[in-house]
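With these hints in hand, go ahead and build the complete structure from the sequences.
Chains as they are written, first to last, in this note's numbering: chain E, 1 to 377; chain B, 1001 to 1236.
FYI, nobody ran anything at the bench for these hints, they're computed from the structure.
On the chain B side, residues computed to face chain E include the following (Cβ under 7 angstroms): (1) 1049; (2) 1086; (3) 1093; (4) 1097; (5) 1111; (6) 1114; (7) 1170.
Per the computed footprint, the stretches of chain E lying under chain B, defined by three or more beta-carbons under 8 angstroms from a beta-carbon of chain B, are: (8) 2-9; (9) 294-306; (10) 366-377.
All residues carry an ideal CB built from backbone N, CA and C; glycine is no exception.
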Amino acid sequence: MLEIALKMLFRDRAKYAMLVCGLAFCSLLMCQQSSVFCGIMMWTTATVRNIGAPVWVVDAKVEQANEVIPMRQIEVDRVRSVPGVAWAVPLYIGIEQARLSDGSFQNVQLTGLDTGTLTGRPMDMHAGRIEDLRLPNAVVVDQVAVEKFRRKGITIRLGTTFEINDKEARVVGLCHVSRSFLGQPYIYTTFDRAIEYAKPARKQLSYVLAAPVPGVTNEELAARINKLPGLRAMTNDSLFWITVWWYIKNTGIPISFGTVVLLGIIVGIAIAGQTFYLFVHDNLRYLAAFKAMGARMPTLAAMVLLQAFSVGFIGYGIGVGLASWFGNAVLAKETPPFFMPWQVPAFVAAVTIFICSFSALIGLVKVARLEPAIVFR
Amino acid sequence: MSNLAISVENVVKSFAAGDTRAYALKGATLDAKFGELLMIVGPSGCGKTTLLSVICGTLKCEEGRLDVFDHDLRKMKEGQITQFRCENVGFIFQQFNLIPTLTAVENASVPLILNGISPREAERRAGRVLADVGLADKLHSYPSQLSGGQLQRVAISRALVHEPRLIICDEPTASLDAATGQKTMDLLKSSALQPDRCVIVVTHDNRIYHFADRIAEMEDGRVTAIINDPKDYHHQ
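Given below as C-alpha cells:
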C-alpha cells in the first residue's frame, strides 16, 4: 500500500507541487538565513581565526575579540614569566587610516605581528613572501584591500605604495584571510612598524599570544595566566565562543535573523500543514474505501506518514540545495556572509520533520476518526 | 456446507441525533444464500444501506444476531472484522470510489495488495480480471479517461479480484444510464455470481429487479417482505 500511497501523492501534481514548494521555500528560508547568521558570526571572529594563537591574553576588562583595550608592552614579559609558557609574543591590532595615491582614504585593520617570529601570519599568500615584512615599510594586504582599492581605481600589486597615518607603506605580499566584521581590509606588518604607523599612545599592545610547553594544555596555561592581575587569558576556542556569544547577547543580529527563521517555520507549517490537510481531506473518501476493503489503521497511518515525509524529504532537499547554491554563488564575493556548518541543515531537517509530523498528525486524526461506512453515503 | 451464507436476525442499529437516538434498523431479519443475488429494496431512509454496512462489518449493530459465513460478527474484534472484510468481502460503490490518481489496473489491484500480494503480482491478476470484463485495452487508463460504464466495470473487477465470498453492491446502477445499467448487471451476474459466493445489491432502480434471485423489501428499519420470484416484481 505504500507504493499506492506514493502514486496517490506524486500523481496529484498540483497539491504535490504546492507541498514541495512550501517545504522547499521554508527550508531555503531557514537554511539560508541561518547560514548568513553563522557567516556574520564568523566575520565577528575573523581576527581570532586569522591569527589562531593557542592562548590569547588581553586586558582583564576585554569582553570579546574585537574590543581592544591597549596594554603595556611589559605584559608580554609578565606572560613569559608564567610557568608552562613556551613562548609569548606581542600583537598589535588597530583601525588606522590608509591614504591612497589619489588622495582618498580607507580605514584599515592594521595587524602588527611579532617581528622575530611573525606569529599569527596569514597562511594563504597569493603573491610575495611573508618574510619580506621585515623589509623597510613593508606591508602585506588582504583580498579585501585589493578589492576596495580597485573600486577606487587603484590596482594593488607587489610594490604598490600608499600611506598609513602619513607614513609610507609598500606592498610586499598579497594574502587571503577571513573577512572582518566591519569589512575593513587587513594590513599586516611587523609589531614594531605597526607601532610606528599607529597614532602615538601610552599603551600600544593589543594582545599577547602565548603557547604552552609540551605537557601543559592550552586551558591549563590560560588558567595559570589568568592568575596574573589585570590580565585575562583565553584559548583560541574560548575567545571564539566568547565573541560569538557577546554578539548574540549584545546585538539585534540574532533577533532579526531569528525572526526570519521563525517566519520560515510558520510559513512551512501554514503552507505544508494546510495543503497536506487538504490533500488528506480530499482523499478521505478513498481512504475510507481502503478501510472498508480491509486496510487497517497502521497501514493507513503508514501511507499518510510516508506521503508527508516524502514531500518533506524532497522539499528539504530542494530548499537546502538552493541555499547551498546561493552560498556557493556568494562565497566568491564573500558578501553577504555565508557559512553553513552541519548543524544548520541538521536544524532545518529537525524543523522539517516537525512540520511533516504536524501535518501528518492532522491528517491522521481525520483518518482515525474515519468511519468506513461513509463510503456508502 | 450449509446453503445459508448470511443470517441476520432482529438486528438493531441506532445513531445519535442530538439528545435522542434515531433507529435505522429496528429488528431487521434477513437470510442470504450461497449462489444467489439478493436485492434489498425500499424507500430512501428505510435502512437498506445501514443493513448492508452491518452485514459487511463496516458498522456495528447493537442488538440481534449476525452470522456471515458462520462467523458471528458481533463477537469479533475490530481488527478481526477488518481482516474478515479484507479476505471475504468485495465492494461495489454507487460513486465507484476509484482513486483518480491510480490507473484502472492499479485501482483493481488494491484488494490483492491489502491481502499481502506483491504489487506486481496484484497488477498481473487485476489485469486478467479487467480483461475478463472487457477492459483489456484500458488497463493503464485513469478514471477520468473512462466512461461511467467502464468505471463500474473497473469497480466490479476490484470487487472480484481477490475472489471474495460476499459481494456488496450499493446502488451499482445509480450513476449509469439504463442501457449501461443493464449491461453492468449482466456482467455482475455473470462474473460475480458463483455457487460459493453471495451477492447482495442495494438498489432503488426497479429496471434491474429482474436480475435478482430474491428481493428483500425494507421499510422503516425492518425487512417487511421477501419476494422469492422477482420476475414480475414492481415495488410500489
